[in-house]
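Participant: What follows is each chain in one-letter form.
2 protein chains.
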Amino acid sequence: MHVPGLSQQRIVQIERDILGKNDELAQVNRARFAAARVFALNLVSSPGAGKTALLVKTISDLKGIRPIAVIEGDQQTSNDAERIRATGAPAIQVNTGKGCHLDASMVGDAFARLPAIDGGLLFIENVGNLVCPAAFDLGEAHKVVVFSTTEGEDKPLKYPDMFAASSLMLINKIDLVPNLDFDLARTVEYARRVNPKIEVLTVSAKTGEGMKAFYAWIAKRAASLAADAAE
Amino acid sequence: MHVPGLSQQRIVQIERDILGKNDELAQVNRARFAAARVFALNLVSSPGAGKTALLVKTISDLKGIRPIAVIEGDQQTSNDAERIRATGAPAIQVNTGKGCHLDASMVGDAFARLPAIDGGLLFIENVGNLVCPAAFDLGEAHKVVVFSTTEGEDKPLKYPDMFAASSLMLINKIDLVPNLDFDLARTVEYARRVNPKIEVLTVSAKTGEGMKAFYAWIAKRAASLAADAAE
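Chains as they are written, first to last, in our numbering: chain F, 1 to 231; chain B, 1001 to 1231.
Mixed in with the good hints, there may be bad ones.
In silico lysine-lysine, BS3-like type, Cα no more than 25 Å apart, as pairs [what the hints assert, rightly or not]: (1) F:98 with B:1021; (2) F:197 with F:212; (3) F:197 with B:1098; (4) B:1098 with F:98; (5) B:1063 with B:1197; (6) F:98 with B:1197; (7) B:1057 with B:1220; (8) F:21 with B:1220.
Simulated restraints on C-beta separations [as the list claims (entries may be wrong)]: (9) F:17 with B:1112: 56 to 64 Å; (10) F:35 with B:1087: 15 to 23 Å; (11) B:1223 with F:28: 39 to 47 Å; (12) B:1066 with F:185: 34 to 42 Å; (13) B:1208 with F:37: 53 to 61 Å; (14) B:1213 with F:199: 42 to 50 Å.
Output of the computed footprint for chain B on chain F, the stretches with three or more beta carbons under 8 Å from beta carbons of chain B [said to hold, decoys possible]: (15) 36–48; (16) 70–76; (17) 82–91; (18) 148–161; (19) 221–230.
Since the hints were made in silico from the structure, they are not lab data.
Values in this document were obtained by computation on a predicted structure and should not be read as measured data.
Ideal placement from N, C-alpha and C gives every residue a C-beta, glycine not left out.
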């Protein structure tokens, strides 16, 4: 796209400056999370893949074990933060307006407004979008891409940056598979084609199927991060 | 977001310049479509809402009636263009790379590469994304937002720009409703709250339910555009 008064080279430079500034702030967030022994996950997906339902189920099951807080991103509304607060966990809603992703600055500001959750879990639910959030580090330990069985197998190939950036793919709505033409093996093959290291779990936030394996993954990855920090 | 060497005012100006330039090129596209009596629709949705399946069904049913061509947008792959070409209709795939939407320049270039479809239908399938494509006019007669019953009722409130920009909401995968907790009336109410004029049709690309009403909508809107042009 041509912009009056700006060369293509300058536009590329501006994009680099924005990402560079974001990465600096993400490192500040990461240091803050480490200082408070907080394990942070950045949940990304298409709109409607079921991130909020997954979080509601996860918080209900884990809230007695360690402190949990949530930062919610959406263009508009505070619906998701309200659904989270109904579980008893604190939640801050960030509205991005015209923006298609959370950035590290928004997350740093929101984290500062949350009550302390030292030694706990921070879930960051990004704007539902398989493109923009891929490029923005928020300071999280891992990106987790939530993928619904209703979305079609080829999404990892069509939106490769997001699947390349994620450590875990949660295939949600597994309870709907009997009513769909969904090829699980092909979905996993496509995800591994863009990211050979991606881990995969199948879950249903609705029925609870597979959720224990997700909690075990969180415990293992949080322990591993804490061990790295102690070295 | 702070960008070294650029004031916030300058960043807002750059965004305006990009949209302004896009709008100019969209008007050029619109004039080209009018000159060839082509009725163009810009299909927008979340990833996996079923835009391509809807187009495959639509082309199969309408291809004997008037010429049809498709411009496909995706970050990566030419899967969708291949699915369209299997119906016999010409299709051009545009890969947006890091980009989260088609722009008028991409559509103008792709239209020039398609065979002539004078008096026909042009379907532009945008990148699966409920945020970015809302702001970019491609020269289409109407934006049509495809919404899947699996996505949850509150998406029109969370992504209001897209529903405000669309003339028609196609609620797809209506065949799955018996297996879901989906409240159709509430979805329509939320969509009308952000856009009182939006028309709504329920369809299933898989079973064909409701598709005739969509074809009737196309015929009516295309006739109305042609009548306006003749005035």
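Participant: Next step is simple, just say for each hint if it's right about the structure.
Facilitator: Right, here's what the structure says about each hint:
1. Simply put, residue 98 of chain F and residue 1021 of chain B have alpha-carbon atoms about 19 Å apart, close enough for the 25 Å limit, and the pair holds.
2. Straight-line distance between C-alpha atoms of residue 197 of chain F and residue 212 of chain F comes to about 21 Å, which keeps the hinted pair within the 25 Å bound.
3. Taking the CA atoms of residue 197 of chain F and residue 1098 of chain B, the gap is near 22 Å; set against the 25 Å cutoff, the hint holds.
4. Restraint check for residue 1098 of chain B and residue 98 of chain F: the C-alpha separation of about 18 Å stays at or below 25 Å, so the hint holds.
5. Our distance criterion of 25 Å between C-alpha atoms is broken by residue 1063 of chain B and residue 1197 of chain B, whose separation comes to about 30 Å.
6. At most 25 Å may separate the alpha-carbon atoms for a hinted pair to count; residue 98 of chain F and residue 1197 of chain B meet this at roughly 22 Å.
7. The straight-line distance between the Cα atoms of residue 1057 of chain B and residue 1220 of chain B is roughly 19 Å, inside the 25 Å bound, and the hint therefore holds.
8. As the CA atoms of residue 21 of chain F and residue 1220 of chain B are separated by approximately 50 Å, the hinted pair breaks the 25 Å bound.
9. For residue 17 of chain F and residue 1112 of chain B, the Cβ-Cβ distance of about 34 Å falls outside the hinted range of 56 to 64 Å, so the restraint is violated.
10. Taking the beta carbon of each, residue 35 of chain F and residue 1087 of chain B are about 58 Å apart, not inside 15 to 23 Å as hinted.
11. A beta carbon spacing of about 58 Å between residue 1223 of chain B and residue 28 of chain F contradicts the range 39 to 47 Å that was offered as a hint.
12. Checked against the hint of 34 to 42 Å, the pair residue 1066 of chain B and residue 185 of chain F passes, with Cβ atoms roughly 40 Å apart.
13. Range check, residue 1208 of chain B to residue 37 of chain F: Cβ separation about 56 Å, and the 53 to 61 Å hint holds.
14. A beta carbon spacing of about 44 Å between residue 1213 of chain B and residue 199 of chain F agrees with the range 42 to 50 Å that was offered as a hint.
15. For the segment 36–48 of chain F, the stated coverage by chain B is satisfied: 3 residues place a CB nearer than 8 Å to a CB of that chain, which reaches the threshold of 3.
16. Residues of the segment 70–76 of chain F lying with their CB closer than 8 Å to a CB of chain B number 3, which satisfies the three-residue condition for coverage.
17. Counting residues of the segment 82–91 of chain F whose CB lies closer than 8 Å to any CB of chain B gives 0, so the stated coverage by that chain is violated, three being the minimum.
18. Coverage of a stretch by a chain is defined here by at least three residues with a beta carbon nearer than 8 Å to that chain's beta carbons; for the segment 148–161 of chain F and chain B the count is 11, and the condition holds.
19. Only residues whose beta carbon comes within less than 8 Å of a beta carbon in chain B count, and the segment 221–230 of chain F has 0; fewer than three means the coverage is violated.
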